[in-house]
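Peer 1: Starting from the given sequences, assemble the full structure and let the hints guide the process.
Be aware that the sequence shown starts at 1, since it is given in UniProt numbering, and climbs by one per residue.
Since the hints were derived computationally from the structure, they do not count as laboratory data.
Since the structure is predicted, the reported quantities are computational estimates derived from the model, not experimental observations.
One should not assume that every hint holds.
[Claimed, not checked] Within a straight-line C-alpha distance of at most 35 Å, the following computed DSBU-like cross-link-like pairs (lysine-lysine) qualify:
#1 LYS21 - LYS250
#2 LYS32 - LYS115
#3 LYS202 - LYS60
#4 LYS70 - LYS157
#5 LYS250 - LYS202
#6 LYS60 - LYS70
#7 LYS57 - LYS32
#8 LYS250 - LYS60
#9 LYS70 - LYS250
#10 LYS250 - LYS157
#11 LYS70 - LYS202
#12 LYS70 - LYS57
#13 LYS157 - LYS32
#14 LYS115 - LYS21
#15 LYS21 - LYS57
#16 LYS32 - LYS60
#17 LYS157 - LYS57
#18 LYS115 - LYS70
#19 LYS60 - LYS157
#20 LYS32 - LYS70
#21 LYS21 - LYS157
#22 LYS21 - LYS32
#23 LYS60 - LYS115
#24 LYS32 - LYS250
[Stated by the list, open to error] Label pairs and their in silico Cβ distance ranges:
#25 ALA274 - HIS30: 48 to 56 Å
#26 GLU116 - GLY38: 29 to 37 Å
#27 ASP86 - GLN133: 36 to 44 Å
Every residue, glycine too, gets a C-beta built ideally from N, C-alpha and C.
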Amino acid sequence: MTTSEKVSDTVCPACNWSTSKQRYCSYSSHVKLFYGAGNRGVWSLDSNVFLEERPNKPPKIEVQNIEFLKQHTTIPIPSVIREWTDDSDWYFILINCLNGQTIEEAWPTLSQPQKEHIADQVAEYIQQLRQFQSPIMQSIDGGPLYSNWLFLNDEDKPYGSLDSDKQLHIALMQALKESASAICTPYTFTHGDLNCQNVLVKDGELAGILDWESVGYFPVWWEYAATSIGFSAEDAEWKALLRMRLTGYKEGREFWRDLYAFSRYPNLNERDQALVDRLLGAE
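Peer 2: Here it is in structure tokens:
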């Protein structure tokens, strides 16, 4: 083979299949990488069966969360087929989910009334979560919580359980402990990541809600405040629609936005700088 005929032997980082192997094989996989974030991925095995793969470390309570919600709510969520850990210490969950597209995929084809209708449906189901409350900030099994967006830290770092607003505020950011802080109780069962990749739709209707691994008893305002996090233009638009339909906690949202602004120091915009000036002035 001449140099001009040589083909770069590129290896796919998701499936480990190389260009040279593909040249001598007519096989085309129907297993697709549905979603990836950090060091975990979700594979679509067919129209409604998914395989979640991630390192074998906490949080590992998604199955427990799903079983609890299936028993106590009518939220359309996946059913667990099996969970296991392999010899290389990777954790897998095989789930059966309702057929549908993510909001992200369907967004360009949805009419404005359909978008608003789906937001109404999600908000109604999320209201069912809010009946479950706890005097302590904790996961469903009494263990710690994991949320890199709330705590603005490593997503693998556990927090809690925390049994008071004061403990929570200190855990969030020492620099804000003297500022006016939102009341966080009652700690309320919260999804916390209703982004447009975690919501499935079909024919203009809600088909399912995914990603229940980090659910727990969070500040009463966190579900509302978390809609401030937009990963794309479509996600921001979706969350703005959803936020209008959730129970409003303006003080909690503003407290978290202040926390987030302070965490970006010294890269501050006008709002961020006003916060720093206020904190320095308070001293």
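Peer 1: A separate judgement is required for each hint: does it hold in the structure or not?
Peer 2: Verification of the hints:
{"no.": "1", "hint": "LYS21 - LYS250", "verdict": "56 Å, violated"}
{"no.": "2", "hint": "LYS32 - LYS115", "verdict": "26 Å, holds"}
{"no.": "3", "hint": "LYS202 - LYS60", "verdict": "29 Å, holds"}
{"no.": "4", "hint": "LYS70 - LYS157", "verdict": "28 Å, holds"}
{"no.": "5", "hint": "LYS250 - LYS202", "verdict": "32 Å, holds"}
{"no.": "6", "hint": "LYS60 - LYS70", "verdict": "18 Å, holds"}
{"no.": "7", "hint": "LYS57 - LYS32", "verdict": "24 Å, holds"}
{"no.": "8", "hint": "LYS250 - LYS60", "verdict": "32 Å, holds"}
{"no.": "9", "hint": "LYS70 - LYS250", "verdict": "31 Å, holds"}
{"no.": "10", "hint": "LYS250 - LYS157", "verdict": "27 Å, holds"}
{"no.": "11", "hint": "LYS70 - LYS202", "verdict": "21 Å, holds"}
{"no.": "12", "hint": "LYS70 - LYS57", "verdict": "24 Å, holds"}
{"no.": "13", "hint": "LYS157 - LYS32", "verdict": "30 Å, holds"}
{"no.": "14", "hint": "LYS115 - LYS21", "verdict": "43 Å, violated"}
{"no.": "15", "hint": "LYS21 - LYS57", "verdict": "33 Å, holds"}
{"no.": "16", "hint": "LYS32 - LYS60", "verdict": "24 Å, holds"}
{"no.": "17", "hint": "LYS157 - LYS57", "verdict": "11 Å, holds"}
{"no.": "18", "hint": "LYS115 - LYS70", "verdict": "26 Å, holds"}
{"no.": "19", "hint": "LYS60 - LYS157", "verdict": "13 Å, holds"}
{"no.": "20", "hint": "LYS32 - LYS70", "verdict": "27 Å, holds"}
{"no.": "21", "hint": "LYS21 - LYS157", "verdict": "40 Å, violated"}
{"no.": "22", "hint": "LYS21 - LYS32", "verdict": "18 Å, holds"}
{"no.": "23", "hint": "LYS60 - LYS115", "verdict": "32 Å, holds"}
{"no.": "24", "hint": "LYS32 - LYS250", "verdict": "40 Å, violated"}
{"no.": "25", "hint": "ALA274 - HIS30: 48 to 56 Å", "verdict": "53 Å, holds"}
{"no.": "26", "hint": "GLU116 - GLY38: 29 to 37 Å", "verdict": "32 Å, holds"}
{"no.": "27", "hint": "ASP86 - GLN133: 36 to 44 Å", "verdict": "37 Å, holds"}
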